[in-house]
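Can you build the whole structure from these sequences, using the hints too?
Protein chains in written order, with the working numbering: chain A, 3 to 354; chain B, 3 to 354; chain C, 3 to 354; chain D, 3 to 354.
By construction, these hints were calculated from the structure, which means they are not laboratory data. All figures in this text were calculated on a predicted structure; none of them were measured in a lab. Among the clues, some could well be false.
Simulated coverage check for chain D against chain C, where a stretch passes if three residues somewhere in it have a Cβ under 8 angstroms from a Cβ of chain C [stated by the list, open to error]:
1) 23-36
2) 222-234
3) 302-315
Backbone N, C-alpha and C define an ideal beta-carbon position, used for all residues, glycine too.
4 protein chains.
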Amino acid sequence: MTVSAFDHPLLSQLVGDDEVAAFFGFDAELFAAIAFETALAEACAEAGLIPKESAAAIAEKLRNFRPEMVRLAAATRRDGLMVPDLVAQMRSHVGPPHGHHLHFGATSQDVTDTGLVLRLAEVLTIIQNRLATLLDALEEADRRFGAHKLTGVTRMQRALPISVADRLRTWTGPLERHAARLDELRPRLMVLQLGGAVGTRHAFNARGDVVAQRLAERLGLGLPAHPWHVERDNFAEFANWLSLVTGALGKMGQDLLLMSQNALGEASFAEGGGSSAMPHKQNPIAAEALVALARFNAALLSAMHQAQIHENERSGSAWTLEWLVFPQMVVAAAGSLKRAHDMMLSVTALGR
Amino acid sequence: MTVSAFDHPLLSQLVGDDEVAAFFGFDAELFAAIAFETALAEACAEAGLIPKESAAAIAEKLRNFRPEMVRLAAATRRDGLMVPDLVAQMRSHVGPPHGHHLHFGATSQDVTDTGLVLRLAEVLTIIQNRLATLLDALEEADRRFGAHKLTGVTRMQRALPISVADRLRTWTGPLERHAARLDELRPRLMVLQLGGAVGTRHAFNARGDVVAQRLAERLGLGLPAHPWHVERDNFAEFANWLSLVTGALGKMGQDLLLMSQNALGEASFAEGGGSSAMPHKQNPIAAEALVALARFNAALLSAMHQAQIHENERSGSAWTLEWLVFPQMVVAAAGSLKRAHDMMLSVTALGR
Amino acid sequence: MTVSAFDHPLLSQLVGDDEVAAFFGFDAELFAAIAFETALAEACAEAGLIPKESAAAIAEKLRNFRPEMVRLAAATRRDGLMVPDLVAQMRSHVGPPHGHHLHFGATSQDVTDTGLVLRLAEVLTIIQNRLATLLDALEEADRRFGAHKLTGVTRMQRALPISVADRLRTWTGPLERHAARLDELRPRLMVLQLGGAVGTRHAFNARGDVVAQRLAERLGLGLPAHPWHVERDNFAEFANWLSLVTGALGKMGQDLLLMSQNALGEASFAEGGGSSAMPHKQNPIAAEALVALARFNAALLSAMHQAQIHENERSGSAWTLEWLVFPQMVVAAAGSLKRAHDMMLSVTALGR
Amino acid sequence: MTVSAFDHPLLSQLVGDDEVAAFFGFDAELFAAIAFETALAEACAEAGLIPKESAAAIAEKLRNFRPEMVRLAAATRRDGLMVPDLVAQMRSHVGPPHGHHLHFGATSQDVTDTGLVLRLAEVLTIIQNRLATLLDALEEADRRFGAHKLTGVTRMQRALPISVADRLRTWTGPLERHAARLDELRPRLMVLQLGGAVGTRHAFNARGDVVAQRLAERLGLGLPAHPWHVERDNFAEFANWLSLVTGALGKMGQDLLLMSQNALGEASFAEGGGSSAMPHKQNPIAAEALVALARFNAALLSAMHQAQIHENERSGSAWTLEWLVFPQMVVAAAGSLKRAHDMMLSVTALGR
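Pasting the structure below:
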């Protein structure tokens, strides 16, 4: 069952990204949930809220925890998210008396949101590296082709001669700013969520802030001013960044599509796609994918912004909307970066 | 790897639809491609364009055809779609001399678009049945609760008393119109695509229209005035219909969320989701999903409309954009209908 | 103050449509409100709910009614819509004893929504005529240039020769279907809204259906099965139609932009825009506007679908969202049709 | 003619913002264009590219320049933007021999984009002040009502008691981050655009960088690494910021709508809107507007991201798309801030 092209065995080759997609699979979610519950137990033990032996037992037992999936699927349907039953299964797995102390003071959203942030930490590193590698490839293209000539085109009409370097500059400019933007937003995004049922950390007996601090340290995350479970601006901001990235690459892709028109012949690639009706054709597949992914993320961004309207202390509908949209935006951007890089490496000619 | 919630082993329980999702899996695509190539060969044979024995051999051999997937994945990446290599593998599988006549005069888009239409034929039946079943459930709710009282609320303020029947009427009204709309758009959507490389059926030696007619008959599809490969209005129109359906159900879900507020107590359900922090709570999970799916489809619809700008005789980027968006919209609508139906069956009280 | 390009004294020349915009100006709204209140009073008099002399006085007095605008603006801000104070001013203007009977049994939304439908009736005629005229212009282009040759282009690569007629057919196909779709949706859209405070026509003393029938007849509108004030599917459906129209024209515009590239020279126009830096250039301005308006409507359509989630018996937020979006979509589509027509008339060459 | 609610004499009271809208009116555009051309002439004179007397004459003459509007409107329609004819009229107005030196080396987009940035400089100050004032009002609300009790609500179900301060914190959190984000993006946005016909400053005889530096200084703008005419990320980023602001206020509005439900009575306002059918009602108009504007900007943001795909050295269609969308997003955000502030001032009770 592969409703999304990103999950499709064939189309994912065209638009997806297996490496980054893995962070949105169940194994990665489970791993993050285990990391959260383990570190929470340890933080609670340090704060004197649960016995130290319980924290140790939780850490020990969760190492080889695997949930019963059929039950978990049914529970997810019933509860609207997987955490309540996952925690119940974890508690059973740890067993009495220690299992009882697992998930102390926390709520499902703490596990889910912090678990997502933990996975994004790794994704951000991958994306950042890809951005740097792409910029290197563009620099290399500038060395190879920068002095070549192009026809500058405005409003689809021939304007004045420019160099390949001139056009490359318009592709790298946004990407360099995107790298700077990522540095700015990263500390806002890489923060712990720990709020308990209604975001007040009420169950920690006034030791919530201590637990949060210790937990953040253990997980390598920043400590927010207060729980942010209904404040989705950091995700919306990151979604915007993802769509800025795909947008910049979409412009690059669109330009290369136009340059590769036979009548212009301003771009050639070592690899190009074939046609079932015309085997001689060389289609600029990667460039097309960049345009498609840019327009895709631009549309999905709208949904992430709608999801900011997160009523009261938790909106099931707004939160579910994020789940439907956000992973795809991340994979679209990560896959675009990889594809743009491969495309630049396969360029055999730019300009004249 | 499950980037989309619709493909996720747990979240698909919450927002997905396994029955309809199956039509977007590879097996269903392959089955549709085989049906297309088989019927095309037969139509070409009838038109005297290929030997009758070739058509028979193609039909016979394709029955047990399974492609080599690793090669197909690599080819999809290279070609931007799976058909060129799929056809090549089909031809090898049929073998000389008949394999050569497979895919006569057609292009990849003919297989892909017609294959999608063939699968949608079955999906439409499922969706239509669900719509009817949901209307039945709403009628049943009207019988059970219609005479109960509700506080009519305008602009979130108490207005005047109404009956449950009054509010139910606002839920069924759009759904009844959606059923009528589906009847109107179905003949536009259920049509063959057969155009060849550039949509002119040039390779059929002036017998293209005959082939198209026979092929449409064999596949049980309508015959369009001309090939429509770059005319995406029928898909955009259907996407709109899908978002009209999720929108109507989103309004129902939103109303039920508001009615189920504890301070109002105007709606109760036999089933409700649990919380990891507050086991006593009963969350209206299905109603939330309806709202989330409505907002999701509303955002994705924008991308389907962007994809209408399909340049020249085929736009790789616009077409890829459809693939990223369209299956999800179908599954969102189909799943919403199922969920709304289950929710109405689980209603234990409406109004007072 | 011209926040929107459609209202801008200069940009409206480029993307707007003065003729259709007029239907969204205050005068047109006022005229529609007067028509509604006059016909409502007459229908109520016929149903014996108000004195016949009151209906006559209302009709007579409203003929020269002009509201006090400063007061009306302040009231709109306070009330969230203009009708409550407009009705109050109308009642004062009619004066006792008859003024009291004005707006009998109705609510603001009845005036606003029916008033919009009344104006759309005229807009639909204009749009339908423009669609027909554009199809004529395309037919004329086919006569003049249909036999000329073009390079068929798939995935931005030269494919096989086609004729201008082949490409024109991909432009007219969707437009012909749009004409058929308009016929289908028109009866759904052209219907009276009369519901009273919560949509139950409670204030008409069981004569609401009679009043509605008479009112619909007087206004030349269809009679819906029940009031539809929170059922926004007909507007969402029409918004989809508008974006289908701009999408079809956007594809035409995009094709013409590509054809008009100097290296191809497949399209020329009698008029083209100048540049402040390069006076010799001829920019295909109208084709660009078509693409921009297509992408604009595709984005706004998403908001119209979000606005379907119209909680309870009236959602101030969902309704306001429509007001922000809908008129622009109508003007974008109407203006696109006009622009596409003018562009086709100014074509001096297509193909070779 | 008022297609947009922001330009409507009545609805602008509800959703618009006259103060900020003024920066998108023609007068403000003209004023910015005059500032640009004057400063450009002075910078060119300093760089020895045009006579100093010409710069002085240009500055002197432009002070009282008003274009002939009918001609300008026709030219805008023909050229796709107003600058070519505006410059021609400016040159005539200055007269020979100095008029000839006006607009030296520049292109229309330099005037338009830099002119927009100049106006945004003032808008940013207004918006920043409003954000600060709103935060003050929220702090004041915290002082007055922070200790009051609220029912914490998760997934629309009663959860645990919280304080008004707890909920206020979820409204201020995003706004504080938005203030920080504005500081980060401002230097990227407040930059000169000077590129000439194709972005290479070719007409400045190798003195383009000097001219750009002097021009940026004179206009009080930052100097970008290179012309950014086709790099629209800074506008897309700012559009995202605007939609983050409206999203945060939409959440606040949604919460207040829910809190003001009669059955809860957790929020009251000194002012509330009236109904034409039920004069006793007090509708939370401003809160509704906040939700509507949030959903509006969320949809429009998608179009700004689509507009990043800006082909070659200038895309008429992508640029026009920005004009259709961007001013509305600015006014929506500015108006939301003002409305949210007024609403907080009119709060008479929060919580119990």
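Cross-check of the supplied hints:
A stretch counts as covered by a chain when three or more of its residues have a beta carbon under 8 angstroms from one of that chain; for the region 23-36 of chain D and chain C the count is 5, and the coverage holds. Remark: the region 222-234 of chain D is not confirmed as covered by chain C, as 0 of its residues place a Cβ nearer than 8 angstroms to a Cβ of that chain, below the required three. Coverage of a stretch by a chain is defined here by at least three residues with a beta carbon nearer than 8 angstroms to that chain's beta carbons; for the region 302-315 of chain D and chain C the count is 5, and the condition holds.
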